[in-house]
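J.: Protein chains in written order, with the numbering used here: chain L, 1 to 272; chain D, 1 to 167.
In case anyone wonders, no lab produced these hints; they're calculated from the structure.
Certain hints may be false.
Stated by the list, open to error - In silico lysine-lysine, DSS-like type, Cα no more than 30 angstroms apart, as pairs: (1) D:K47 x D:K105; (2) D:K143 x L:K224; (3) D:K143 x L:K162; (4) L:K44 x L:K255; (5) L:K255 x L:K123; (6) L:K123 x L:K139.
Claimed, not checked - What the simulated footprint calls covered on chain D by chain L, stretch by stretch (three residues with Cβ under 8 angstroms from a Cβ of chain L suffice, anywhere in the stretch; the number is not a length): (7) 14-28; (8) 44-56; (9) 76-83; (10) 130-137; (11) 149-162.
Backbone N, C-alpha and C fix where the C-beta goes; we use that ideal spot for every residue, glycine too.
The residues making up each chain are set out below.
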Amino acid sequence: MQRIINFVLRNRNTFLYSFLMLISLSLTVRSHSYHQSKFFNSSKWLTGNVYGVAANVSSYFGLREENERLVQENERLRLLLFNAKEITAQQLDSAFTTNYEVFSANLIKNSFSSPRNYLTIDKGENQQVEQDMGVITTKGILGIVENASSNFATVQSVLNTKSNINAKIKNTNYFGSLIWDAQDYNVVQLIDIPRLVPLVVGDTIVTGAMSSIFPENIPIGVIKRYDLNTSRSFYNIDVELFNDMSNVKNVYLIKNKSRNEIKELEERTANE
Amino acid sequence: MNNAIFINSLRFVLLVLTQVLIFNTLNFLGFINPLIYVIFFYWYPLKSNRAIFMLTSFFLGFIIDIFSDTLALHSIAALTVAYARPVIMRFCFGVNYEFQNFSFKNTTKVQRVTFLALLVLLHQVIFFSFEALSFSHFLLILKKVFATGIVTLVLCTLFSSLFSPQS
């Protein structure tokens with residue numbers, strides 16, 4: 001017994017090392033295979049507030065650019081508004097209910113250089129933000145809400161090797177999955193498009209209708225390059241994003257009101 | 001003694017803030033984010049309780065992890081560097097470092113830079129291997145280790161001469 005205790009005491013640093021290593025390894029492996037940890041992330045009170053203060057200061061330097069972008073968007077929306085008379089007619093119809101709700105938020109922490117990127121926004125559960133809401137910018141998609149605390153939320157970026165979003169080629173119904181190979185922060189990959197589909201470099205890729213998170217036809221990017229995969233039956237397509245992922249400030253959150261219903265139905269069907 | 005604790009706590013907080021607010025958002029050339037908090041292991045008192053040093057390093061890494069949503073990657077790297085520091089020190093300074101009156105004053109510049117470079121290299125290799133967590137990204141890991149490692153080393157050398165504890 002004495003010798004065992006002595007042995008432990010002599011190697012106490014190694015034991016401490018192994019112990020702390022085990023803790024961190026288990027956290028790493030869990031965050032790789034499962035959702036990002038619920039308890040330790042940048043949406044929490046302390047980290048969120050630190051990023052909030054920093055974003056407050058740095059946002060002054062990009063105000064002009066941001067204003068220009070918002071003016072451009074307003075212009076586009078006004079154009080839509082003046083040209084689409086039927087919208088007002090639809091709203092008067094009581095049977096017509098909107099399926100999607102839109103909220104705005106500010107990005108307070110951006111990240112695009114690691115293989116698993118998470119962004120932090122300054123809206124949380126108090127502002128009706130919840131898990132699995134879609135996040136877009138004026139130009140295209142950005143990611144999906146992963147965790148929300150009371151005043152902040154973390155977003156799993158499309159630049160995340162765990163990200164998997166339903167996407168299709170514009171004006172067709174050929175759909176595939178949008179993934180990222182961690183190489184270039186402007187380029188994501190679209191896989192599982194069958195080889196019989198005619199493709200042209202420069203074709204637009206938009207979100208598909210199979211997702212209960214994003215509405216259909218939100219722009220993603222254009223085809224930059226494509227080739228067949230190893231089994232030669234599906235295409236691997238490099239998609240250049242419309243969004244400049246390194247320069248994002250104002251984002252919109254999309255909530256699908258019927259998502260819960262769809263989920264429930266799918267679960268019930270799967271269980272039968 | 002109290003003075004040392006105070007200085008190291010202050011360093012701890014300042015390094016965390018500099019890392020997460022400045023260097024994590026640097027994105028030099030699109031992917032280079034120097035991990036300058038490695039200099040904490042260089043500055044930490046040479047004669048000290050190893051267990052406390054390892055615990056401090058673990059928490060330093062952990063707090064940076066929480067800020068950057070890379071849970072436990074920085075912790076693993078920081079912990080390993082802290083554990084391996086005596087070995088690296090023996091390699092750089094020879095058996096001298098075990099004497100009671102050893103300090104950075106009686107080492108050469110080359111020895112100190114080698115020491116810092118080895119700390120940075122070990123930290124980068126561990127960090128980026130665990131970040132990718134697969135050997136299929138071997139070239140990507142190598143590219144990141146070298147590019148980020150060199151920038152980190154240059155910045156750390158500058159920092160160490162700017163805020164030298166001796167002067």
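J.: Please go over all the hints and tell whether each is borne out by the structure.
T.: Do the hints match the structure? See the list:
Straight-line distance between C-alpha atoms of D:K47 and D:K105 comes to about 14 angstroms, which keeps the hinted pair within the 30 angstroms bound. Restraint check: the Cα-Cα separation between D:K143 and L:K224 comes to about 24 angstroms, which is no more than 30 angstroms; the hinted pair holds. A C-alpha spacing of about 22 angstroms is found between D:K143 and L:K162, which places the hinted pair at or below 30 angstroms, so the restraint holds. Taken as a hint, the L:K44 and L:K255 pair is honoured in the structure, with Cα atoms around 22 angstroms apart against an allowance of 30 angstroms.
As the CA atoms of L:K255 and L:K123 are separated by approximately 14 angstroms, the hinted pair is consistent with the 30 angstroms bound. Pair hint L:K123 plus L:K139 holds up; C-alpha atoms about 20 angstroms apart against a cutoff of 30 angstroms. Look at the region 14-28 of chain D against chain L: 6 of its residues bring a Cβ nearer than 8 angstroms to a Cβ of that chain, three or more, so the hint holds. Counting residues of the region 44-56 of chain D whose CB falls under 8 angstroms from any CB of chain L gives 4; the rule of at least 3 is met.
Counting residues of the region 76-83 of chain D whose beta-carbon sits less than 8 angstroms from any beta-carbon of chain L gives 4, enough to reach three: the coverage restraint holds. Residues of the region 130-137 of chain D lying with their CB closer than 8 angstroms to a CB of chain L number 5, which satisfies the three-residue condition for coverage. Residues of the region 149-162 of chain D with a Cβ under 8 angstroms from some Cβ of chain L number 0, which does not satisfy the need for three, so the listed coverage is violated.
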